[in-house]
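Chains as they are written, first to last, in the working numbering: chain A, 1 to 366; chain B, 1 to 336.
Because the hints were derived from the structure by calculation, they are not lab data.
All of these numbers come straight from a predicted model, not from anything done at the bench.
Built from N, CA and C at the ideal position, the CB exists for glycine as well.
A few of these clues could be false.
[Said to hold, decoys possible] With a cut-off of at most 27 Å between alpha-carbon atoms, the simulated DSS-like pairs for lysine-lysine come out as follows:
id, chain 1, residue 1, chain 2, residue 2
1, A, K21, B, K164
2, A, K228, B, K75
3, B, K151, A, K21
4, A, K228, B, K245
5, A, K21, B, K149
6, B, K306, B, K43
7, B, K43, A, K21
8, B, K75, B, K12
9, A, K21, B, K112
[What the hints assert, rightly or not] From chain A, some residues computed to sit far from chain B (all C-beta separations above 10 Å):
id, residue
10, A8
11, D11
12, S47
13, G98
14, E116
15, P140
16, R174
17, C207
18, D222
19, T224
20, G241
21, E313
22, Y329
23, D344
24, A354
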Amino acid sequence: MMAEPLLAIEDLRTYFYSRSKRAFIRSVDGVSLAVAKGETLGIVGESGSGKSITAMSVMGLVSAGPGVISGRIGFRSDRVERQLLEGLDTCVALRREGGRVMAVEKDDDRWAGQVEKNMTGIRGREISMIFQNPKQSLNPFETVGRQITEAIMLHTSHKIEQEAKEKAIEWLDRVKIDSPRLRFDNHPFGLSGGMCQRAMIAMALSCEPHLLIADEPTTGLDATIQSKIVDLLAELKSELGITTMLISHDIGIIGRLSDTVAVMYGGTVVESGPAKDVLSCSPEGKHPYTAALLASIPSSDAVREKGHLQAIEGDVLDTINIPAGCRFYGRCSRVTDKIREKCDKQEPDLREIASGRRVRCWLYFE
Amino acid sequence: MSKTILEVVDLKKHFTHQRGIFSALQEKMRSIPAVDGVSFYLKENETVGLVGESGCGKTTIGRTILRLERPTSGKVIFDGRDITLLSTDELRGLRGRMQMIFQDLDAALNPKMRIRDILTEAIGVHHRLTDAETEKRIAELLDQVNLKKSKLTNFPHELSGGEKRRVGVARVLSVGAQFIVADEPTSALDVSIQAQVVNLLRDLQKRLGLTFLFISHDLRVVELMSHKVAVMYLGKIVEMGMSDKIARAPHHPYTHILWSSLTEKQSREVAKRAVSVQAGRWGVFDFERPAAGCRFAPRCPVYESKGRPAVCTEPATEPQLVELDGGHRVACHFPL
Chain A
1 MMAEPLLAIE DLRTYFYSRS KRAFIRSVDG VSLAVAKGET LGIVGESGSG
51 KSITAMSVMG LVSAGPGVIS GRIGFRSDRV ERQLLEGLDT CVALRREGGR
101 VMAVEKDDDR WAGQVEKNMT GIRGREISMI FQNPKQSLNP FETVGRQITE
151 AIMLHTSHKI EQEAKEKAIE WLDRVKIDSP RLRFDNHPFG LSGGMCQRAM
201 IAMALSCEPH LLIADEPTTG LDATIQSKIV DLLAELKSEL GITTMLISHD
251 IGIIGRLSDT VAVMYGGTVV ESGPAKDVLS CSPEGKHPYT AALLASIPSS
301 DAVREKGHLQ AIEGDVLDTI NIPAGCRFYG RCSRVTDKIR EKCDKQEPDL
351 REIASGRRVR CWLYFE
Chain B
1 MSKTILEVVD LKKHFTHQRG IFSALQEKMR SIPAVDGVSF YLKENETVGL
51 VGESGCGKTT IGRTILRLER PTSGKVIFDG RDITLLSTDE LRGLRGRMQM
101 IFQDLDAALN PKMRIRDILT EAIGVHHRLT DAETEKRIAE LLDQVNLKKS
151 KLTNFPHELS GGEKRRVGVA RVLSVGAQFI VADEPTSALD VSIQAQVVNL
201 LRDLQKRLGL TFLFISHDLR VVELMSHKVA VMYLGKIVEM GMSDKIARAP
251 HHPYTHILWS SLTEKQSREV AKRAVSVQAG RWGVFDFERP AAGCRFAPRC
301 PVYESKGRPA VCTEPATEPQ LVELDGGHRV ACHFPL
């Protein structure tokens, strides 16, 4: 039985209206996830599968003009209990003509106000986020130390600057930055990519949030630095017991750090379950996409024998023209004649096939 | 024994830059040794992989070999001729045989040209063909890279990453290139698409007898693609040998760390972590003032464990590539 979820996402849909195409880009299309207290949920998927947009929806960062969110995101810690999407639907109206959405009318000011109302006391304090590109996420005009100090003063009870500064240095030390007192006064450009990412992690954790969202924390870093950052995250995880939502396209990292894993494809979760089951080598009981994804990674054996890699034919799903049937049908190699009709016409739902394991595939439904 | 198609001898490329207008007046130029004395050779129908962290000079080597950059010193001998001495006209003739697959998919294809025009133009530069022959050649190329004919009328932005990469490969093949520098051809692609591209490149090599210099930071892909691998650190090759030797029995501490960081990341259970030798300090390195002696010493765990021997940091005793056994070469005073 799953422990009480800290964050529960139900049927989240985040669409962006494209005026030139006169259609919705369905980036996130019906995602349900739960992150239990103290555990790490890994979300894997290829680019465009909706991983980052899911995280941004949780953080209330989908505020720009054409973005529309529906669904429920419940957050519940010992300090706060709140619905993060409350009232957002009233800020948007869709203008339809003959069943087709022609335009999105969105009251941006009211939307922004509502997001602020929902997120006050949550963003930074309860949920904080590490972004993909550390160098671009830090303010280039401020020293790293000041940026962390600012976050601490804003979100925690340390309101005196000197006190917050000491706290910031302590955190820089905890994320293993050499001579933190000196680095405190460095600007982001004076730090390497790996150090910037450490500083980001320090900033995110300095307010002692309940939930940490790490969006591709190692992408764009060198292999040696990547493994250092993964080590650091693993260490902090066991030390602080912080609940984490880890997003990455790198299955190796997800496998190292996660307790449960959700695999996303074309805006939906196609499979979820305990990490060791979902990422195990056998294709048994797996969504064909997960199996193919795992097979397309050059394994040590394949590399040794210089064998042919198993590529997934076809291309990543176009999120505007989503087919009526299974999203993976066009690229799937495990369709049997018995279920072909269903795969083509009807989208399967995410069903539990074994305890804790849910798969969205007709193959396993009888 | 196949013949050597390309030989690089003590190649150096130093970039210079000025800091502020006053240093320019004083003619004080700072020099960055992006590539600092690199030698290797490529045999026909062979792939040599070039790995290293970002900023170690991999791409600069690729560009200098093709004379997209003029080398500071050293020789690049392609098919018996030193191309560093050739004039622009003479180079143009050679360009038909040596080409580069660029890293940035979007920057490499002209956004205002249709795929058909991109390929036609490339064919037209090096070969005089009639329209019908060009058409036939394009069909042949599309077949070789597995691209649908319907994509010919598309613009680059209408294609997915994998398709753009295929167009890039088709363009390189269109001029009849035999030697190809592939600069990070699989980065920026999703894993499932990455596998398609790796398979494609290997098929083409088998069918057309191509020679690749394969530059990548993705160690697994390099190992899979290459016969030989050269590991670079700060502008120098620190180890070179057959790819399976490099991956499984490395002698240089840096190579060891590179590959163990991979397995460590890959291992699915935390308990199964590889024994790590990563005790060295991992700070920022200063390219303008590389450490005296061995450049890797400040980060090297072996240097630490040996009690910081002076031989590693003496400028006079900078380690040179030494052959160990069976063509495996390593630049280290204390090979593992």
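Quick rundown of the hints versus the structure:
1. A/K21 with B/K164: 22 Å, holds
2. A/K228 with B/K75: Since the Cα atoms of A/K228 and B/K75 sit roughly 38 Å apart, the hinted pair is violated (cutoff 27 Å).
3. B/K151 with A/K21: 20 Å, holds
4. A/K228 with B/K245: At roughly 25 Å apart (the allowed maximum being 27 Å), B/K245 and A/K228 satisfy the hint.
5. A/K21 with B/K149: With a Cα-Cα distance of about 24 Å, the restraint between A/K21 and B/K149 holds, given a limit of 27 Å.
6. B/K306 with B/K43: 38 Å, violated
7. B/K43 with A/K21: Roughly 51 Å separates the two Cα atoms, so the pair is violated.
8. B/K75 with B/K12: Answer holds: B/K75 to B/K12 is near 9 Å, not above 27 Å.
9. A/K21 with B/K112: 20 Å, holds
10. A8: 27 Å, holds
11. D11: Answer for A/D11: holds, closest chain B Cβ roughly 26 Å.
12. S47: 6 Å, violated
13. G98: 28 Å, holds
14. E116: Since the minimum Cβ distance to chain B is about 35 Å, A/E116 lies beyond 10 Å and the statement holds.
15. P140: 17 Å, holds
16. R174: Since the minimum Cβ distance to chain B is about 17 Å, A/R174 lies beyond 10 Å and the statement holds.
17. C207: 27 Å, holds
18. D222: At roughly 4 Å from the nearest Cβ of chain B, A/D222 sits no farther out than 10 Å, so the non-interface label is violated.
19. T224: 5 Å, violated
20. G241: Label holds. Min Cβ-Cβ 15 Å, cutoff 10 Å.
21. E313: At roughly 8 Å from the nearest Cβ of chain B, A/E313 sits no farther out than 10 Å, so the non-interface label is violated.
22. Y329: A/Y329 is indeed farther than 10 Å from all Cβ atoms of chain B, at 15 Å.
23. D344: 21 Å, holds
24. A354: 19 Å, holds
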